[in-house]
Each structure stands twice: as structure tokens, then as C-alpha cells.
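Participant: Using the sequences and the hints given, assemble the complete structure.
Residue numbers (this note's numbering), protein chains in the order written: chain F, 2 to 477; chain P, 262 to 701.
Derived from the structure by calculation, the hints contain no laboratory data.
Every value quoted in this text rests on a predicted model; they were computed, and no experiment measured them.
Mixed in with the good hints there might be a few duds.
Said to hold, decoys possible - Here are some chain F residues pointing at chain P (derived, C-beta under 10 angstroms):
#1 Val38
#2 Ser71
#3 Pro119
#4 Glu140
#5 Gly145
#6 Thr184
#7 Leu260
#8 Asp262
#9 Glu407
#10 Gln455
As the list claims (entries may be wrong) - Each computed BS3-like pair below joins lysine-lysine, with the alpha-carbon atoms no more than 30 angstroms apart:
#11 F:Lys151 <-> F:Lys123
#12 P:Lys508 <-> F:Lys123
#13 F:Lys382 <-> F:Lys123
#14 F:Lys382 <-> P:Lys508
Claimed, not checked - What follows is a list of derived Cβ distance ranges for each label pair:
#15 P:Asp696 <-> F:Gly278: 44 to 50 angstroms
#16 P:Gly394 <-> F:Gly278: 30 to 36 angstroms
#17 P:Arg301 <-> F:Ala224: 55 to 61 angstroms
For each residue, glycine too, the CB sits at the ideal point set by N, CA and C.
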Amino acid sequence: MWAEVERRFREVAPAVDFCSLRLVEERDEHLSVRRGVAQPPVTSFDVGGMITVVDGDGMGYGATSDLTLSGLRRAVERAHGWARETRGRGLVDASRLERMPRRGEYATAVREPWSASPLGDKIELLQACSRRLQRPRIEDWEAGLWYVEKQTLLLSADGGRLEQRFSHLLPTLSASANEGAETQTRTFGGHAYCRQGGLEVLDETGFHDAPEQIAAEAVELLAAPNCPSGTMDLVLAPDQMILQIHESIGHPLELDRILGDERNYAGRSFVTLDMFGRYRYGSEALNVSFDPQRAGELASYAFDDEGQPATRQDIIRGGILLRPLGGRVSQARAGIAGVANSRASSWNRPPIDRMANLNLEPGASTLDELFGAVDRGVYMKTNCSWSIDDSRNKFQFGCEWGRLIEGGRLTRVVKNPNYRGISATFWRGLRAVGRPDTVDVLGTPYCGKGEPNQAIAVGHASPPCLFSAVDVFGGA
Amino acid sequence: MESYFHDVTEIVTRLVHADEVHLSNFHGEDSDFVRFNAGRIRQAGAVEMRSLTVDLICGRRHAAGSVALGGDLEVDRARIARLIDNLRERRALVPEDPYLLYATDVRSTGKTAENRLPQSAEAVDEIRAAARGRDLVGIYAAGGIYNGFANSLGQRNWCANASFNLDWSFVHSADRAAAANYAGFEWQRDVFRRKVDLALEQLALLSRPSRAVAPGRYRVYLAPAALAEFLGLLGWGSFGLRAHRTKTTPLLRMIEQGERLDPRVRLLENAAAGLAPGFQEEGFLRPDTIALIDRGAYADCLASPRSAAEYGVQTNGASASEMPQSLDVAPGDVSADRVLGMLEDGIYVGNVWYLNYSDRAACRTTGMTRFATFWVENGALAAPLEVMRFDETLYRMLGANLIGLTAEREWIVDPGTYSQRSTSTTRVPGALIADFTLTL
Chain F
2 MWAEVERRFR EVAPAVDFCS LRLVEERDEH LSVRRGVAQP PVTSFDVGGM ITVVDGDGMG
62 YGATSDLTLS GLRRAVERAH GWARETRGRG LVDASRLERM PRRGEYATAV REPWSASPLG
122 DKIELLQACS RRLQRPRIED WEAGLWYVEK QTLLLSADGG RLEQRFSHLL PTLSASANEG
182 AETQTRTFGG HAYCRQGGLE VLDETGFHDA PEQIAAEAVE LLAAPNCPSG TMDLVLAPDQ
242 MILQIHESIG HPLELDRILG DERNYAGRSF VTLDMFGRYR YGSEALNVSF DPQRAGELAS
302 YAFDDEGQPA TRQDIIRGGI LLRPLGGRVS QARAGIAGVA NSRASSWNRP PIDRMANLNL
362 EPGASTLDEL FGAVDRGVYM KTNCSWSIDD SRNKFQFGCE WGRLIEGGRL TRVVKNPNYR
422 GISATFWRGL RAVGRPDTVD VLGTPYCGKG EPNQAIAVGH ASPPCLFSAV DVFGGA
Chain P
262 MESYFHDVTE IVTRLVHADE VHLSNFHGED SDFVRFNAGR IRQAGAVEMR SLTVDLICGR
322 RHAAGSVALG GDLEVDRARI ARLIDNLRER RALVPEDPYL LYATDVRSTG KTAENRLPQS
382 AEAVDEIRAA ARGRDLVGIY AAGGIYNGFA NSLGQRNWCA NASFNLDWSF VHSADRAAAA
442 NYAGFEWQRD VFRRKVDLAL EQLALLSRPS RAVAPGRYRV YLAPAALAEF LGLLGWGSFG
502 LRAHRTKTTP LLRMIEQGER LDPRVRLLEN AAAGLAPGFQ EEGFLRPDTI ALIDRGAYAD
562 CLASPRSAAE YGVQTNGASA SEMPQSLDVA PGDVSADRVL GMLEDGIYVG NVWYLNYSDR
622 AACRTTGMTR FATFWVENGA LAAPLEVMRF DETLYRMLGA NLIGLTAERE WIVDPGTYSQ
682 RSTSTTRVPG ALIADFTLTL
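Facilitator: So, in C-alpha cells, the structure goes:
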């Protein structure tokens, strides 16, 4: 089908300064077993294209699920109409934007294809997980798999052609325990164990071993005391670290936020352009990279959705802020180097700055060494609550499970662990970072942003980390 | 678009075998999206999309799938045929579903609103004129939204609207901004200008020196847009039958311990007054109203067919998500022009942001103040407030500490556009609350 659509595009592309077609075809499948009952399997097949036209300094898009010649022609007319409408009225001088390269491709490395296992076997796997999640006091339990295959083809009228194929798998487990007016839920990292690849992701993430522990911890939390309140040390597991990185490093460093595009919706940033190259974002232990080339991580790719080649870049080194997360449009507006992260959630939304893979680099500590450095503190796992201000500064996050650290050792389990802080100072309290063998490669398929709204997949790899003097508290 | 929907339905009907039932849901959209920053156009474009979701049933086995459609019936016929073949293959591999339930009482409906929208370029010209010399940021979304349901029993439901939603802020500086929204079916210049003028009045107040307050408890007024955010969070898992029976609802204490809100609090799912389609995925119709909270007590659940079958009750036409789509909060008796006087010294909260639960079982929520939020002194707006974090339970806010709800309500059309343009609405008053907890 692609070849025929490509031919039609070349036929309808107008004589303008620039014209591109971004085709996206996405197939996915949701399987789940809840309370021992297989839910009806759900598949989807989505396909469409976005025409972008640059005419003078104006730019517009026309997106359509009609990929016939007449459908593409209509999309071109609408894109061209908006390009004319924005001439002299746009925020961005589209005539000055860098163009896409000529050729390139990318494909997720898959060891065990999703299709290698019959549907019945996958449902049986989930049935088995469901049985292992079930126990007294567990009121609701569910095991699920969400598999996505996505193919994108970015064509420019002047001969550019970039093709990329992705596949990723998100395994989920959850167990909710209840006693009276108390309910506690444990999950398999929320939605964090999401990686590019095929069924091998299940082994890589430890999915097969997880059900009993998740159910046992949910029940254990029912009888646990609330997390204590006070200023104390905090060790965050990777499945909470990714949320901490995402909200208080990733979003504030997105260049379109810094430039004000998101002020009506997702918000602005406390970071300003003059901070790059000199601002101390965190302690010397803080090293953060943008790495779209890490195999298996959720948002790995070779080119962003505007066709810019994607390479690894240091974002924060030794605690000093170096580079924003901004694609070619934002870089042109700000006059500052960024990264290739202009991405769209699908064919029907235009690319904007997204964080893609944003990773916290490992340090030198074992997990036990992190605990051993704490006299009084809490170890928290698995995000369940997130809230942060418009400027990505004042935050409050909550976790599913906590355990006290006393005298350098883990002691009692505590429920409803929460903590709050301010991004601008929180990372300066980063005292120690887990070594390479403690790193988990995680992500989320649901990063929301943009007008019109877009939910997109992002990856985060992180070791556990130790923070000093954090405001910690528990439930009501 | 309606005739295309019927053509698609006919294609599905012909492909389905005699021993099969299909439940087909159609969605279409033809939208313009124009994004603004600094009063100029940041991104502008158009999106045409159509999709069909089919649940193919034989006995108690079924499989569901969706497919993008283009509008060319020959191309679409082939895509739908592939989908049906695939569903038939997959259905054979799955066990029987004990909770399958779909409408068998044929109740067809149709609603097509006249398209009274202006050309988007005309609306954009007016928005740009209002933005002249100002820092306007936001989005104008406009166009047709089409939803249809069909099954093999002959039921057909159709709902088509042509609407616009302008969601914007005038920014004073940094995080000081006046947010506004203008949504509807027909662009009326005088209504838009009144909304602009109101936002500009707030913007003028934002130029005053700001005031910071220490964490503590304050008397606050939550303007309708702010209260709607709390209700939006509450809608996420609070009212569904599944959440009720599995005891995962944040309103668990109302169920298990008889906890109540103030008796003046009454929440309805008011389908009759909303924009969302009056039918759901399995073909059941939504009743005009469902009482969710009545005189401060937990009343009915939103019961999807699947949950209804699982827990042995009647469905009330809720969608699979069991989330409200047309929430309606009863008005109170506080006149809006008395609010500042009743606050005396306190905080006028224009908007809140990024709400989440800090203790779900206790229905304790946290979030941030945002946009036009002011310190009030001697019954008058005195100074913009620097953003503050709150952490408060619903039981205190709308229970023991509720001073009153306003007699006036706002009808808020969700500007959300994840995957598709939202048709959710909320009709909500403002709320005066004592001892509201600010933490950071």
C-alpha cells in the first residue's frame, strides 16, 4: 500500500517551498484477564497521513484517513490553505527551517515476535497470572498485555524518504486488596514496564515472576501503618524515579514549554534560556542524557517526526544544565542547540517537542549501599500519584509501597507514602546513585501534552537514587 | 456523513453471518485546529478522520476491533471485510464471555445539529484582533463530530454536532495569566467580546504586586472552573459500578462507613443536558438523568453492560469507562456577587491544576492553584496569589467545611482533544469553603 500512496503523494504535491507527507500505520492488540475471566480481545488498525505545506513563511497541515488520490488532494488543499492563512501571521518563519535528510530507516530489534505465540497461548499465560494474583482479601485483580506495531514513512516532495518500524509491548499486573474502608493496590510498575521488542520483553522485565509478590504486597499494605511525616532521607526505586525524571527534569526542559507554547495547557517552565550551560540543576551526582539510540527503550528511533537525525546528547552533566529538549522548530526560534525530539502521537497530530528517551546515568552504589547510607528514611516503589505546578517546580508524588529505613536497614512496610518538593532544589539533594546493574529500562505510553492534545510514549532508564532531607508524609 | 454511516453499516451487515451479531460504533471528525502563542499562529491545520469499531459475537464468544476508514466505500469495504475475517478467526480462539451483554430491544435515535459554524479563518481573524498587543496563548478547535451505533438487530443511532471550542489565556508574565473559554455552535461576536473583556479585567488585576501566603488553612472560593477540575478527578473511577463493587472507588468511605457530604451537594449524570451521544457502545440508551450523589449521600453507580452482567444488576447505559460525560452539580443559594464579601479575608481560586489523589481511600486530593487566583482582603480582590499546593479531602471540602454553593452555574465544555475532540460537559456552581488546606 505504501508504494501506491507514495506515488499518489508525488502526483498531488503542489509547487511550494516545501511539502511532506507523514504516513502512520498502527496495529495494536489488547489482551487481559480480570478476576479470572478473559476479557474480549480488542485489536485496532489505524492508518492515515499528514500533509505539511510550507509556502513562503507560512506553514499548514492537512491530515486525513483517506489515502486515495482525491483524499490526499483534499488534504493538500487544506494544508496549503492554512499555510497561506498563516503567512505573515505565524510565530515561526517556516521558510527558514532546516529541511529533512534524503534517506534513512530504523526498525526495532525483535527476538521473539508477538505473532510467534498463538492467541490462545497468550490468554492462557494471562489466566495463569490471574490465578497467581488471586488470594483472600484481593477484591480485584488483572493481568494484561498491550502490543503495538507502528510503521511511519516520512516523504518530502523533493525526494526525502525516511521509513521506521517500531514494536513495543506493555505487560501489566494489578491486585487491589480491601478490608473495610481500606483498599490498597499494587501493580507491576503501573505502566512502566513498557519496552520496544516482542515477547522477550516479558522475560527481560521479570513479568513471569511478579504476580505472587504483587498480590502479597497489596494484602500486606492493608495492615501497614501510614508512612510517617517529617523531613528525612528518601530512596526511590526505578519505577518511581522515572516519574521524578519525567515531571521535574523532562517537562521543564522541553523547549516549546520554555518558549511558551504550552502555557494555556501543559504549562510553562521555571527554566529559562539563559540557564543552559551554567545552571546547577542538581548535585554533581546528577547526569542525564537524551538517548534515542538505546536498544529496547520505548522511545528509540533514528529520526524524529520532522526527519531530523536523532543522536545521544548530554542534557545535564555533573549537575550542570547543558541542553534543552527541543526539535528543529524550537531550536530555530530559540537560537540554541537541542535534540531531535519533534514527535507526533499519530498521523492526525502535528509534531511538537517531546522528551523521548530521557535517562539518568548510573553511579557507583549498590542498592544495599544506598540503604546503608540512611539513618532514618523511606524506600518508595511504584508511582501512583503525580502532581506538579504549571512551572514544573512545586511537586507532590505518591507511591504504592514504602518501607522504612532505620539505621541503614530496611524495616517496616508503610502505606500511602508521599513526598513533596521543589524541582529547582530537589535534585541538589541527590546524594547517591545506583550502579549500572541496578538500572531499569522503563517508560510510559501516556505522556500527555499539546494543543490539540497528544499522548505519546516516552522512555526512561534509571537506577535507584538516594535524596537527602525530603518532606515525606503518609495518608489521611 | 450520516448516509456514509448507513452505507458502512450496510457493508457490515452483509458481511456478518446468520448466526452472528455485530455491534458497530462509528466515529468521524472533521476539525480545524489553530494554535496560538504570543498572539500569533503557532500551528494551524485540519484533520479528517473516520473509524469503525465492530464487536463480532457468536453465542457467548466475541472479539472486537477497530479500523480506520477513509470515506471511499470501495476501499473501506475491503478494510471492513479484513476486519470481520480477522475477528471471526480470533473469536474461535477465545473462551466464552460470561459478562457479555448488549441491547436487544431495538431503539433507534437520530440527532443532527445544523452546522452554524463560521469559516475557521473568520474566527481566527477575530481572535487575532483580540490578541493584538497582548500575549494570547491557546487553541481554537472547530468542526463536525459524528458518532453512530448500529447492530444486526436493526438498531441505528446517530449523533452529529458542529461545534467550536476556543480555550485561551491572556498571559501577564511568567505564571500569571487569565484563562478563558468560549465554546458553542454559533460564533457570536458580542459574546466573544464579553468573554475577552472579562478576561482582560482579570488580567488588569494580575498586574498588581503578588502576594505569597504561608501553608495553612484558609477560607477559599473555588470558581466553577476550579470546582469542575475536582469533579473531573472524581469522575475518574469514583462512580462506576465496578469501582463500587471492587471497593477501589475513592468514595469508599461513603459506602463502607456512611460518610456523607453536605446535604446541599447533589450530583447528576445529566445526559439530557449534555453534548455526548445518548447511546453507548453496546447499544443501550443513556437515561436523561442518574443521581450520583443525592443530598450528600452516595446514590447510584454508572453501570456499564459488562459490569451490570458481572454484578447482577441492570445497566443504566454507562459507557465501558463508567465515567460521567455530562456531570451536573445542583446550584446553591449564594449569589455570585456576594462571594467576595463572604470570603472577607481569603483566597479566590480561579483555576486549579494537575489534581491527583494523595490518599485515594480517604478521597484526599492534591493539586495546584493556577491562573487567576487572588488574595481577597476586606471582601475585595487585593493581589494575585503566588501558586500554592493544596492537599484536602473531599469530605472536608464539600462536607463539614462547605459554606455554600453559588446560585449561578457555568456550563463547561471539555476542550480536551486526546485522540478525538471531547463531547463531555460539566455544569457546575462555585463553592465557598472554610479551612481549605494549603501545604507548599
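Participant: Run every hint past the structure and note whether it holds.
Facilitator: Evaluated hints:
Residue-level restraint check for valine 38 (chain F) holds (minimum Cβ-Cβ distance to chain P is 6 angstroms; threshold 10 angstroms). Taken as an interface hint, serine 71 (chain F) checks out: its beta carbon lies about 8 angstroms from the nearest beta carbon of chain P, inside 10 angstroms. The beta carbon of proline 119 (chain F) is positioned within 10 angstroms of a beta carbon in chain P (closest approach about 7 angstroms), and the interface hint is therefore held. Interface hint at glutamate 140 (chain F): satisfied, since its Cβ lies 5 angstroms from the closest Cβ of chain P, which is below the 10 angstroms cut-off.
Because the beta carbon of glycine 145 (chain F) sits about 14 angstroms from the nearest beta carbon in chain P, more than 10 angstroms, this interface hint is broken. The interface hint given for threonine 184 (chain F) is met, as the beta carbon of that residue sits about 5 angstroms from the closest beta carbon of chain P, less than 10 angstroms. The restraint placing leucine 260 (chain F) at the interface with chain P holds, with a minimum CB-CB distance near 7 angstroms, inside the 10 angstroms limit. With a cut of 10 angstroms, the hint placing aspartate 262 (chain F) at the interface with chain P holds, because the nearest CB-to-CB distance is about 5 angstroms.
Hint status for glutamate 407 (chain F) relative to chain P: violated, with the closest Cβ pair at about 23 angstroms, above 10 angstroms. The beta carbon of glutamine 455 (chain F) is positioned within 10 angstroms of a beta carbon in chain P (closest approach about 7 angstroms), and the interface hint is therefore held. A distance of roughly 21 angstroms separates the Cα atoms of lysine 151 (chain F) and lysine 123 (chain F); the hinted pair therefore holds under the 30 angstroms criterion. Using a Cα cut-off of 30 angstroms, the hinted pair lysine 508 (chain P) and lysine 123 (chain F) holds, with the two alpha carbons roughly 29 angstroms apart.
Between the alpha carbons of lysine 382 (chain F) and lysine 123 (chain F) the distance comes to roughly 28 angstroms, so the proposed pair stays at or under 30 angstroms and holds. For the suggested pair lysine 382 (chain F) and lysine 508 (chain P), the alpha carbons sit about 23 angstroms apart, so the restraint of at most 30 angstroms is met. Aspartate 696 (chain P) and glycine 278 (chain F) have their C-beta atoms about 46 angstroms apart, which keeps the hinted 44 to 50 angstroms range intact. The hinted window of 30 to 36 angstroms between glycine 394 (chain P) and glycine 278 (chain F) holds, with their beta carbons roughly 34 angstroms apart.
A C-beta distance of roughly 58 angstroms is found between arginine 301 (chain P) and alanine 224 (chain F), which places it inside the suggested range of 55 to 61 angstroms.
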